Amino acid sequence: MSTKLEVSDLQGGVRILKLTGQLDITGVAAVETKFYAHCGGDKMKVQVDLGAVAFLSSLGIRMLLQALKAVNARGGQLQFQNPQPAVTSTLEISGLGQLIVRGGDDIVAGQLARE
Amino acid sequence: MKTDVNFSLIHASLIVADQLKIQVKNSFAEIPAANEAASRWLAEKQSSPAIDYLANLAIEELVTNCIKYGYDDADEHTITIELELVENELKLTVIDDGHRFNPLELTPPDINLPVEDRPVGGLGIHLLRKMSDRMEYARVEAKNHLTLWKRGSV
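For the protein sequence lines, the chains are A and B, in the order given.
Numbering-wise (the working numbering), the first sequence opens with residue 1 and increments by one.
Numbering-wise (the working numbering), the second sequence opens with residue 1 and increments by one.
To be clear about the criterion: a stretch of chain B counts as covered by chain A if any three or more of its residues have a C-beta under 8 Å from a C-beta of chain A, and this derived list gives those stretches:
| id | region |
| --- | --- |
| 1 | 26-35 |
| 2 | 48-61 |
| 3 | 114-121 |
| 4 | 124-135 |
Simulated from the structure, these hints should not be mistaken for lab results.
Keep in mind the model is a prediction, meaning the values are calculated, not measured.
Beta carbons are placed, not taken as given, at the ideal position from N, Cα and C, and that holds for glycine.
Next up, chain A with everything else stripped away, as it sits in the complex (with noise of 0.2 Å):
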């Protein structure tokens, strides 16, 4: 399957960026420019959505750290939103478990957007 981005902007200032497919080598590839430009700008709010993201390997670790660093560095915030069960492990052993929420888009995004 190939890996996909899709991008969707909420009520309250929260970008949605959902990913699809594998964060492998070749998923990452396909995907971290545009993942990386819709991370930029001051105070943004993004949850990124990978209940629909099969493995993850220490590439895909880089991406999404990499881009939890540059919004955090611009007073914003990114949560990881529904990872499937080994995803969840792999963000968790890497350190980023607390990052994880659960819940559709408008009950993340609420709560995102109220912080």
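Put chain B on the given structure of chain A with help from the hints.
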């Protein structure tokens, strides 16, 4: 360095009983086809999703490390990936003819550092050590042998 992705890049794939041997060149383009071959074989063996996930992770992380850091020349090299299933336990070994390198001697990354202080790389071996049951390194006949084991339900 090849840039196309094609299953034919795998120049040898040998199945013997419950073993699979995959040989790839030192090119990133060969990793997806190697993972496809491993997943197909594990599916035939009705292996668990956790075993398949770890096998794919191990192939990507270990072959990438070989290509990035293993060689002191720009020549073509062969990297061998051996998978073996014995009583629901996966044994996966990556063998390369690069210089001696034992990644298990690396200092584990500090995942508790603040985000701004964290390096973005260096997590591949850490992930494999945490997700496998055990890992071992050996230098045999001028080749690196890195092996991991994982038990999983079928």
